[in-house]
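Asker: Turn these sequences into a full structure, and let the hints steer you where they fit.
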Amino acid sequence: MTQSDRFLPLKPLVFHVLLALKDTDRHGYAIKKEVATRTGGTIDLEPGTLYRLMARLLKQGLIEESDRRPAPESDDERRRYYCITGLGRDVLAAEARRMHLLLADEAVQDLVSEGRG
Amino acid sequence: MPRWYRWALRLYPATYRRQFGEAMAEMFADEWAGARRSGPGATVRLLARTLLDLIVNVPRAYLPHDGLQATSSASPPIMQNVRRDLRIALRSLGKHRGFAAVAALTLALGIGANTAIFSVIRGVLLEPLPYHDAERLVVVWSSYPDNPTFSVSQAEYLDYRAETETMSQTGAYGLDWVTISGVGMAERRRAVLATRSLFEVLGVPAAIGRTFTEEEDTSPGHQVVILSHGIWTSHFGADPGVVGSGTVTIDGSDFTIIGVMPRGFSPPRVETDFYLPAPMDRSTITNRSGHNFNAFGRLAPDATIESARAELATILPRWAEQYDGLHPNDPVVHPLVLVSLHDEILGSVRPMMWALLGTVGLVLLLATANVANLLLARGESRGHEMSIRGALGARRRDVVQQMLTESVVLAVAGGALGIAVAAALVAAVRWLDPGGIPRLDTVGLDWSVLAFTAAITLATGVLFGLFPAHQATGHNARTTLGEGARGGVGRHSKRTLHGLVVLQMTLAVVLLIGSGILIRSFLKLQGVDPGFATENRVAFRVQVLFDRYPEREDKLAFYRRLDEQIQAIPGVSGLAYARALPLRARIGTEGILVEGRELGPDERNPSVDFQIASAGYFELMGIPVLRGRSIAPQDLADAPPVILINDAAARAYFAGEDPVGQRVRLMFTPRDYPNVTIAGVVGDVHHRDLAAAPRPEIYMPLAQVPGGWISSIIGSMSVVVRTDLPLDAVGPAIRRTVQDLDPTVPVDYLASLEQAVGDDIARDRFVTLLLALFAGVALIIAAVGVYGVMAFSVARRTREIGIRMALGAEPRAILGSIVRTALAISAVGAVFGVVSAGLATSVLESLVYDISVRDVTVFALSPLVLLLVAAAAAMVPAWRAAAVHPMETLRAE
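In order, the protein sequences belong to chains R and B. For the first sequence, the positions run -12 to 104 when our numbering is used. For the second sequence, the positions run 226 to 1118 when our numbering is used.
Hints in this document: simulated from the structure, not taken from any laboratory. Check before you lean on any hint, since a few could be wrong.
[As the list claims (entries may be wrong)] Restricting the straight-line Cα-Cα distance to at most 16 Å, the calculated cross-link-like pairs of lysine to aspartate or glutamate (EDC-like) are:
# : chain 1 : residue 1 : chain 2 : residue 2
1 : B       : Lys749    : B       : Asp985
2 : B       : Lys320    : B       : Glu610
3 : R       : Lys9      : R       : Glu51
4 : R       : Lys20     : B       : Glu251
5 : B       : Lys749    : B       : Asp1080
6 : R       : Lys20     : B       : Asp255
Answerer: Quick look at the structure:
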């Protein structure tokens, strides 16, 4: 069991938040908007839920506060930006692999096409 | 962004808030701005979601661990935990039955009292009146200086109806007593004489059949009647067939039943079973002074009560010119006033209801403070237990969860008991019904209110369960275990506990002072001399049918026969007649003019209560004759007419002169009726109510009442009988005697005069009783609070006390020091309480009689009572401390 397997399976919310930070640093409101876009609006995070989650992710070392800042004209210095850590990236990947394996199973494939049909 | 969100963020733990608070506020601000742009729907949705977000996430932010995993394999299934915690909680509460009972009972009292009183207030004050769109209904009154809301005359009603444009509809009713026969014994009932538009203005049509037609509304003589739902059910078997064909015999003639009103309907301010037409014809009305109609209007869609008043202010001056001289009793034309129906019906009970609500609100606050107190004290004393649990490997969240479970169990038990308390209190309030409180009989337990109060108390329980849990688990095991051995109370929690006791004392003092003032006021009211004797006096009312006794002499002859027959009943030793007995029936006002006096241009002629009394009335009622003479048997129709006046009239209209022998014109008597001579002055009687000062009153001898139409007022008379028999014994004999004399004459309002006085102050007794009850509850809760804190402190200081005693401290000194501490804390609360009460008791202003709402005695005594109770409550733990055996406590280590 690798260090990242300890966190699996991830809560869907956690997965989406990590995914939102995979390629770019974002502040809280941007994470919320990104998650909402990705999930077609089905996940709309409230401040309380989002930041409780962020607190956990920070504590577990999956994300950290970012020093990098976007171009000054689009920046708001009151905002904290977050980025994904190496561990976070590993956990995200491990979860993605887990889901992929799960989906690769033939029986699951059948279910997916049934749902479509 | 609304400020409240920032405020709400303070609910999160401090470290958490420092880290994320700014970002969360920022994020909410963005969402808020977006929602505001999208419209009110989005704003409301955001509000709801945010609220839910807070409720879900704030408590969890306090949990030491919540994972990222979809399922946490490390912790056991949650239900297993809950069941285990419940078991432990019940066992632990069972071991501390005293604590559990006191906490649950306190909660139950707070929840129950609040629910009950709020249910009553909601039923009485807040439920809409049973008319269509009742907020737009107004009452039209005539306004006199001594009677600001008096019935209007037909002429005034018709003129206003014709001229107003701010009212979409107007309607009116008068009242009459009618004799209903055909149901065995004659029954006298109040009938409503209604205009056709009365039902339209109230927006309530007949449930079956119809209301009055245009024809019935304008021309007299239509013998039709509409029934109430109640009488239709009780007397006509709820048979729809009676409508259109059935009849009721009213004053000897048959009236056809044309309709039945819906269940529970009655016009404002009156209960009735019979509606008769009140035909009004403008052309035949010249006398504008017969004020006997209750008039109502419905505001037109674009009108407000202010615009209606403004319009009225332009109508009235025109009338003053138009009708000058046609208003013989009122040289100064009195104005009309408009009052909203809601204010009219509920205005008088509102102060009383708010006083009660304020009281129970304080009791609830007191109860929650007490529970917080108990839980804190208990949580503090369990630091030791928690540390042991921790040392044995219990995780922090397990301990917190378990303590929370205990609080919730307590709160639920308190809530369940609270329902019982609320139900009992509502039943008690309805049973105590003093009369005159509208809709009290329909009040039931209000479940939404119950849910609300239960939620508040539950939240309190959880919050104060969480706080000590948090504290207890924060202890480092080693220091706590060490501290536990040494005993003593942490300074921080001690301050919290003492603060809560001070709060309780403050609230209790406010309640004690409030109820003390009402009790003193009530005692004063009860001590008011009504001005007449009430012991061994029984009263009733009779009415004779006009057809059988058309002339004045016929009526007088009947009363003479009735006098003889009733006096023949064994145990009856006297009888007298009056038009309206004091505290029993409303009395009419009339104008008089003193001979030889000119009225100034702006002066009104004296207005007096007009009483009619038979010879012997004053002697029988124990009303003293102050000057001149009483009404004598010789004051007959052919003797020179006389009147008696009361002391109030003598003071008001004959200051500095002797009224006896002066001559007076009675404005309401026919032109050929001579001026009357004042034969005597009698003592004042509280006619309307005990709280109001007696008004000027005149007494006309029964035998000298003028003939003609005026004599109809003696068609109905009150009878007062002196007897040493109880009402149960003499009542049936009276009924039998009247029936034997004339079976068409009904007997009503048979009661003792003592009861009449009691009924008058029933409402005051009701409020006083309830407030005193709640103050008592408050006192008990406050005593429990003091006891709890002192007992806790003694238990924690057992070792210290043991050492002190080993070093030679006297048990008495120990006892004294504990009681002194309790008194010192309570004294602070008492001071706060007196100050707060000084600011708060002005709400009682309209409820008290002849006493200042800052009554010095009450303000001085109440804190003393509370200090005594506090000292007594501290005595038990103090004794326990003084009985500490030094060697035992030291060995117990």
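Asker: Compare the structure with each hint and give your call.
Answerer: Hints, verified against the model:
| no. | hint | result |
| --- | --- | --- |
| 1 | B/Lys749 with B/Asp985 | holds (14 Å) |
| 2 | B/Lys320 with B/Glu610 | holds (14 Å) |
| 3 | R/Lys9 with R/Glu51 | holds (12 Å) |
| 4 | R/Lys20 with B/Glu251 | holds (14 Å) |
| 5 | B/Lys749 with B/Asp1080 | holds (13 Å) |
| 6 | R/Lys20 with B/Asp255 | holds (11 Å) |
The structure is consistent with each of the numbered hints, conforming to all of them.
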